[in-house]
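Colleague: Spelled out, the chains give:
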Amino acid sequence: MSSEKHMTRLRDAGGTEIEQRLLASAAADEMPEEKFRALVQWGTAIAPTEAAPPAAMPGWKLPLAKGLGVLALAAASVGAFDYVSSRSSGPVGEPHDVSKAVPVSVGDGADRLEAPPAPSPAGTVAAVPVVTADDLPSVPVAVPSAAPPARSVAKKPVLDEVSLGEQMAFIDSARTRLRQGDPRAALTVLDEYKRRYPEPAFREEATVLRVSALAKAGDVAEARRLGEAFLSTHPAELYSRRVEGIVRSLESQESSQ
Amino acid sequence: MRFRALVEAHGRFLWQSLRRLGVPEASLDDAIQQVFLVAAERLHEIQPGAEKAFLFRTALNVSAHARRRLARKPERPLEDDDVQALSDPAPTADDLLDRRYARRLLDEILDEMPDDLRVVFVLHEFEELSAPRIAEYVGIPVGTAASRLRRAREEFRQLAARKVKQT
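Chains B and Z supply the protein sequences, listed in that same order. All residue numbers for the first sequence refer to my numbering, where the first residue is 1 and numbers rise by one. All residue numbers for the second sequence refer to my numbering, where the first residue is 1 and numbers rise by one.
Don't read these hints as lab results, they were simulated from the structure. These numbers come from a predicted model, not from an experiment. Just so you know, even glycine gets a beta-carbon here, dropped at the ideal spot from N, CA and C. Mixed in with the good hints, there may be bad ones.
[Said to hold, decoys possible] What follows is a list of derived Cβ distance ranges for each label pair: (1) E251/B <-> E25/Z: 43 to 51 Å; (2) P141/Z <-> K194/B: 23 to 31 Å; (3) D111/Z <-> D12/B: 19 to 27 Å; (4) G49/Z <-> E30/B: 22 to 30 Å; (5) A161/Z <-> E30/B: 23 to 31 Å; (6) R162/Z <-> R179/B: 40 to 48 Å; (7) P48/Z <-> R179/B: 18 to 26 Å; (8) R100/Z <-> R179/B: 42 to 50 Å; (9) P114/Z <-> E33/B: 18 to 26 Å; (10) D12/B <-> A161/Z: 13 to 21 Å; (11) S249/B <-> A5/Z: 28 to 36 Å; (12) E128/Z <-> E33/B: 20 to 28 Å.
Produce the complete structure using the sequences and hints provided.
Modeller: Written out as structure tokens, the structure reads:
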């Protein structure tokens with residue numbers, strides 16, 4: 001791979017036996033597979049597809065990382081994954097500074113980089129298809145189309161990978177619909193998710209999406225009701241800050257009318 | 001989804017890089033999340049094709065913060081597992097056949113290298129990058145990358161020779 005002809009790696013022929021043994025020991029630095037899978041799941045869950053940008057959310061305080069916006073919140077809130085450990089041990093550094101310190105070349109806008117939105121459903125709830133694997137190319141697990149999975153015999157807290165993937169597909173789909181400006185479709189997906197998974201792994205995420213979707217759909221009263229209910233039961237959760245932001249923005253909208 | 005693709009394509013690379021840049025194993029999960037959170041935040045700014053370099057530069061900053069935090073907590077002792085090997089304070093080449101022990105010694109050596117040399121050394125030895133690519137990843141001129149690489153190799157060789165008894 002190297003084009004540095006005059007600089008042979010010590011690991012190869014360039015080093016002494018001692019040097020080579022030392023360097024060869026780093027070959028064991030493989031990321032454990034289970035950690036990699038968890039990372040990908042986490043990455044899927046926090047993918048930047050927010051319907052409500054941080055700037056629209058007054059009252060946000062980001063304990064994990066100021067300046068990271070909703071992603072920091074999402075990252076610290078995807079409690080279904082054991083992978084996320086930031087809450088217990090705190091951030092490694094100050095990501096605000098980290099972000100600033102990284103030199104990047106600026107592209108020509110976010111839209112170019114986002115996956116092109118799929119054609120929007122006709123606008124009615126009935127027209128919204130239930131999630132299919134084709135709808136969700138980023139999640140390689142098809143949502144079952146038949147009856148709900150018969151795994152409720154034992155309430156096993158450890159989710160198998162298939163279930164997690166399926167559930168994530170719903171969350172992903174709802175988020176996508178919301179991003180596409182179709183909150184009603186998002187709500188339909190969330191309804192279906194709720195029906196299929198009465199004890200969902202992504203309860204908080206689904207609720208936050210629902211509050212966002214309701215607010216966007218103009219169902220302000222229900223958004224507020226659900227948001228306040230969420231806040232009353234999750235007062236200290238990071239997601240609460242986002243819901244609180246939505247509720248506050250609804251309040252300010254109402255007061256200005 | 002571009003972000004997920006980034007995680008899938010570069011997660012392993014970042015994990016290894018952070019490890020080799022001195023982030024302790026116990027902090028790797030946090031560190032890699034930090035890197036990807038920054039990437040998610042700035043996804044629209046990352047030029048196609050420059051993703052890996054962007055992630056690595058972010059990892060450099062994250063690892064520097066992690067190491068600074070570590071420096072404030074001075075204990076970085078060798079663990080019980082190493083006691084046997086450490087009964088001889090100057091290990092030999094044969095001791096390095098124990099991979100775990102060799103790995104710990106490698107950590108010590110890398111930790112003693114100046115940061116700027118360590119980075120280019122890691123990229124060259126473990127990622128097999130040439131000086132121009134290292135320059136791109138670290139954001140320095142090619143000439144600087146090449147000269148740092150030469151110095152880094154010398155530094156590494158001296159440290160290894162000092163730590164391991166020649167037999």
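Colleague: None of the hints should be skipped; say for each whether it holds.
Modeller: Against the structure, the hints come out as follows:
Roughly 46 Å separates the CB atoms of E251/B and E25/Z, a value that falls within the hinted 43 to 51 Å. P141/Z and K194/B have their C-beta atoms about 57 Å apart, which leaves the hinted 23 to 31 Å range violated. A beta carbon spacing of about 24 Å between D111/Z and D12/B agrees with the range 19 to 27 Å that was offered as a hint. As the Cβ distance of G49/Z to E30/B is approximately 26 Å, the hint placing it in 22 to 30 Å holds.
At about 28 Å, the beta-carbon gap between A161/Z and E30/B stays in the expected band of 23 to 31 Å. At roughly 57 Å, the beta carbons of R162/Z and R179/B sit outside the given window of 40 to 48 Å. At about 21 Å, the beta-carbon gap between P48/Z and R179/B stays in the expected band of 18 to 26 Å. Under the hint 42 to 50 Å, the C-beta atoms of R100/Z and R179/B, about 47 Å apart, fit the expected range.
The hinted window of 18 to 26 Å between P114/Z and E33/B is violated, with their beta carbons roughly 34 Å apart. Between D12/B and A161/Z the Cβ separation comes to about 19 Å, which falls inside the hinted range of 13 to 21 Å. Checked against the hint of 28 to 36 Å, the C-beta distance between S249/B and A5/Z comes to roughly 32 Å, which is consistent with it. The hinted range of 20 to 28 Å is satisfied by E128/Z and E33/B, whose Cβ atoms lie roughly 23 Å apart.
Hint check: violations occur at hints 2, 6, 9; the rest are consistent with the structure.
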